[in-house]
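Make a model of the complete structure from these sequences and hints.
Residue numbers (full-length UniProt numbering), protein chains in the order written: chain F, 1 to 129; chain V, 1 to 129; chain B, 1 to 129; chain G, 1 to 129; chain S, 1 to 129; chain A, 1 to 129.
It should be emphasised that the hints constitute simulated quantities derived from the structure, not laboratory data.
All C-beta atoms in this analysis are idealised placements derived from N, C-alpha and C, irrespective of residue type, glycine included.
Errors might be hidden in some of the hints.
Stated by the list, open to error - Derived pair list, reagent style SDA-like, types lysine to any residue, alpha-carbon separation capped at 20 Å:
| hint | chain 1 | residue 1 | chain 2 | residue 2 |
| --- | --- | --- | --- | --- |
| 1 | F | Lys3 | V | Glu125 |
| 2 | G | Lys3 | A | Phe127 |
| 3 | G | Lys52 | B | Asp49 |
| 4 | B | Lys22 | S | Asp124 |
| 5 | A | Lys92 | A | Arg45 |
| 6 | S | Lys3 | B | Asp49 |
| 7 | B | Lys92 | B | Ile51 |
To be verified - To be clear about the criterion: a stretch of chain A counts as covered by chain G if any three or more of its residues have a C-beta under 8 Å from a C-beta of chain G, and this derived list gives those stretches:
| hint | segment |
| --- | --- |
| 8 | 18-30 |
| 9 | 40-51 |
Single-letter residue listing:
Number of protein chains: 6
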Amino acid sequence: MVKPIEYADASPEVRAVFDEIKAARGVPDVNNFWKYLAHHPESLRRTWDSIKEVMRPGELDALTKELIYIAVSITNGCEYCIASHTAAARKKGMSDGMLGELIAVVGMANETNRLVQGWRVPVDEAFRD
Amino acid sequence: MVKPIEYADASPEVRAVFDEIKAARGVPDVNNFWKYLAHHPESLRRTWDSIKEVMRPGELDALTKELIYIAVSITNGCEYCIASHTAAARKKGMSDGMLGELIAVVGMANETNRLVQGWRVPVDEAFRD
Amino acid sequence: MVKPIEYADASPEVRAVFDEIKAARGVPDVNNFWKYLAHHPESLRRTWDSIKEVMRPGELDALTKELIYIAVSITNGCEYCIASHTAAARKKGMSDGMLGELIAVVGMANETNRLVQGWRVPVDEAFRD
Amino acid sequence: MVKPIEYADASPEVRAVFDEIKAARGVPDVNNFWKYLAHHPESLRRTWDSIKEVMRPGELDALTKELIYIAVSITNGCEYCIASHTAAARKKGMSDGMLGELIAVVGMANETNRLVQGWRVPVDEAFRD
Amino acid sequence: MVKPIEYADASPEVRAVFDEIKAARGVPDVNNFWKYLAHHPESLRRTWDSIKEVMRPGELDALTKELIYIAVSITNGCEYCIASHTAAARKKGMSDGMLGELIAVVGMANETNRLVQGWRVPVDEAFRD
Amino acid sequence: MVKPIEYADASPEVRAVFDEIKAARGVPDVNNFWKYLAHHPESLRRTWDSIKEVMRPGELDALTKELIYIAVSITNGCEYCIASHTAAARKKGMSDGMLGELIAVVGMANETNRLVQGWRVPVDEAFRD
Chain F
1 MVKPIEYADA SPEVRAVFDE IKAARGVPDV NNFWKYLAHH PESLRRTWDS IKEVMRPGEL
61 DALTKELIYI AVSITNGCEY CIASHTAAAR KKGMSDGMLG ELIAVVGMAN ETNRLVQGWR
121 VPVDEAFRD
Chain V
1 MVKPIEYADA SPEVRAVFDE IKAARGVPDV NNFWKYLAHH PESLRRTWDS IKEVMRPGEL
61 DALTKELIYI AVSITNGCEY CIASHTAAAR KKGMSDGMLG ELIAVVGMAN ETNRLVQGWR
121 VPVDEAFRD
Chain B
1 MVKPIEYADA SPEVRAVFDE IKAARGVPDV NNFWKYLAHH PESLRRTWDS IKEVMRPGEL
61 DALTKELIYI AVSITNGCEY CIASHTAAAR KKGMSDGMLG ELIAVVGMAN ETNRLVQGWR
121 VPVDEAFRD
Chain G
1 MVKPIEYADA SPEVRAVFDE IKAARGVPDV NNFWKYLAHH PESLRRTWDS IKEVMRPGEL
61 DALTKELIYI AVSITNGCEY CIASHTAAAR KKGMSDGMLG ELIAVVGMAN ETNRLVQGWR
121 VPVDEAFRD
Chain S
1 MVKPIEYADA SPEVRAVFDE IKAARGVPDV NNFWKYLAHH PESLRRTWDS IKEVMRPGEL
61 DALTKELIYI AVSITNGCEY CIASHTAAAR KKGMSDGMLG ELIAVVGMAN ETNRLVQGWR
121 VPVDEAFRD
Chain A
1 MVKPIEYADA SPEVRAVFDE IKAARGVPDV NNFWKYLAHH PESLRRTWDS IKEVMRPGEL
61 DALTKELIYI AVSITNGCEY CIASHTAAAR KKGMSDGMLG ELIAVVGMAN ETNRLVQGWR
121 VPVDEAFRD
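As structure tokens, this is what we get:
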């Protein structure tokens, strides 16, 4: 029932966000994610502002942040998120080998998380605050 | 009911793995994780061999791999895993600022993953294989 | 391999549940959910009886219950569940604006859940039992 | 704020369920799970009736059902559920070796689930309905 | 290793957010959540601004938003989040009976989500966009 | 962007693993899972070696292990994993009735896991280590 909102049909406040995204990323159109969020302009604005702030390079570089993002998306099983952020990470320099290692670590972390929970391992004294 | 298996009470095959871990990490004793896994020596051996292989530096450096590991553990809500790998990441150079940014990206990724699923966003043509 | 069981091919005990669902909802046919559950008639009967009891208006009205249901389904990433209960909620009065706010809250809750777990926030004394 | 409801303080309808549980399991008192559910007598009654039906031996024996239950609880990270159903499975014959293998499979399944999602593996033609 | 940052030890930018929270909620001190987030002032500011915007009454009232929040937190197994938002919801009028029904719906939704996924139920034509 | 690697295009080390899988399972070709993992030969080798070890009959028979595997995959919502391991379990003797009971237990376990977390049930003294 919900359809993407295209630029031509968007309200001025939605267009303003779309324009910012297109300018920031140097793309002719925004992804489906933004076209669906546009149904709730407040979410669109807030999410764009937050993503800009959170994903910009800081003590972690932009590529490392994308890798972390993908790790979460794989663990949550969000197909769209994996697809779009894998594409974004490739643009920022992720090689095939890096993707292979990333997925291996995510798989291993999910396994060991369950081993910990299955064996009911208590936190070591040394790791306590 | 399940208790950690201490070195003194461990079988030779368990001791052999404990010895490898202590040597590889330069620590006097292994963490609870390994002492619980020791109840299933096959899991202990297989997990240690896999972790060594997966977590060693490759196209991704060892610290980046730890950050990915923590991202998964936060998303899974595994307290022990977050605690132990935060400690491991600090040893490999993670600063307080890096931890702050890591958690911010993980939080944001979990939020946007749900926005995608809630709006039922279809994968863009450009992200398809 | 598993196919939906249509009314014409259903056993009497399955038809009895299908008839109840159609009468309760005033629809000419049941959804795929029920046609698949029909492979295990005991699950079909138990689930229909439970859903009737749990989802009927009580101290929470029927629409609020649907919103809670959708929130869970988004968090679990269950596409079918989001689609079918979004349709159900619209019939019970959910507007586009309400859906937008619902998804925003679900996104935010998922973000802050991870911030809590990432920072390993202890429960405040005031929230303890 | 929420406290367990003890038998002495329970309403007749809650006591009736408690009595059934004690008789069915041959125990002098019910677990905390039931004492908390008692705050919502309708949930208490419905859950007990459903668990009796779902967990009784059928084409799968009672122990296999407990193992499946534990697998889900580990994957969801539900500490109480792991603890209580591990105890229940032991009573039904689960050995230490079986527990070790169970956790190993759960860990492995969680890993390979993420490998599948990370590599975005499409369903093989042979597995399609 | 990470400790809560108390008001007395906080930087001016952190104190500014703490002051806003205390004023908005009419409380003498902020919860642990904010004291931990204060380690990353940017997250503290962004999260407070977002929560204010997302959780304020709109087409959904403030209590309904809290119920949705709790539903997500239960599904994610975030103990702190359940505890703090249950307290918040009680202040906004949630009765014991409402809590009982909320948890019943969340449990039922988690069950049916898995029934859907286990039976691999395809989305009905009527629910497709 | 990522495509399956067919046998004809595979490196010798990938072919070696493919050959082992085909021989062990008596199939003319491997599933997509392996053809995608082949992009990271180290993961391919390690995963095949681990799965062989973990899934072989031990104190738990091979079918019980498949059931546990499916339970995890349903709980994680991994469509490919459910499809492929349902097929594998059928080959090892899973009947339609067993599948029906399996899914019923998985659904019930997911429900009661959330009831536990929603009511914040503390672990009974008897279940503590």
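Now for the hints, and whether the structure bears them out:
1. About 15 Å separates the Cα atoms of Lys3 of chain F and Glu125 of chain V, which keeps this hinted pair within 20 Å; it holds.
2. Straight-line distance between C-alpha atoms of Lys3 of chain G and Phe127 of chain A comes to about 18 Å, which keeps the hinted pair within the 20 Å bound.
3. For the hint linking Lys52 of chain G to Asp49 of chain B, the alpha-carbon distance of about 15 Å falls within 20 Å, and the restraint holds.
4. For the hint linking Lys22 of chain B to Asp124 of chain S, the alpha-carbon distance of about 16 Å falls within 20 Å, and the restraint holds.
5. The suggested pairing of Lys92 of chain A with Arg45 of chain A is violated, with an alpha-carbon distance near 24 Å, which exceeds 20 Å.
6. Taken as a hint, the Lys3 of chain S and Asp49 of chain B pair is broken in the structure, with Cα atoms around 49 Å apart against an allowance of 20 Å.
7. Simply put, Lys92 of chain B and Ile51 of chain B have alpha-carbon atoms about 16 Å apart, close enough for the 20 Å limit, and the pair holds.
8. Chain G is given as covering the segment 18-30 of chain A, and this is violated because 0 residues of the stretch bring a CB closer than 8 Å to a CB of that chain, at least three being needed.
9. Counting residues of the segment 40-51 of chain A whose CB lies closer than 8 Å to any CB of chain G gives 4, so the stated coverage by that chain holds, three being the minimum.
Taken one by one, the earlier hints fail for this structure at numbers 5, 6 and 8, listed in ascending order.
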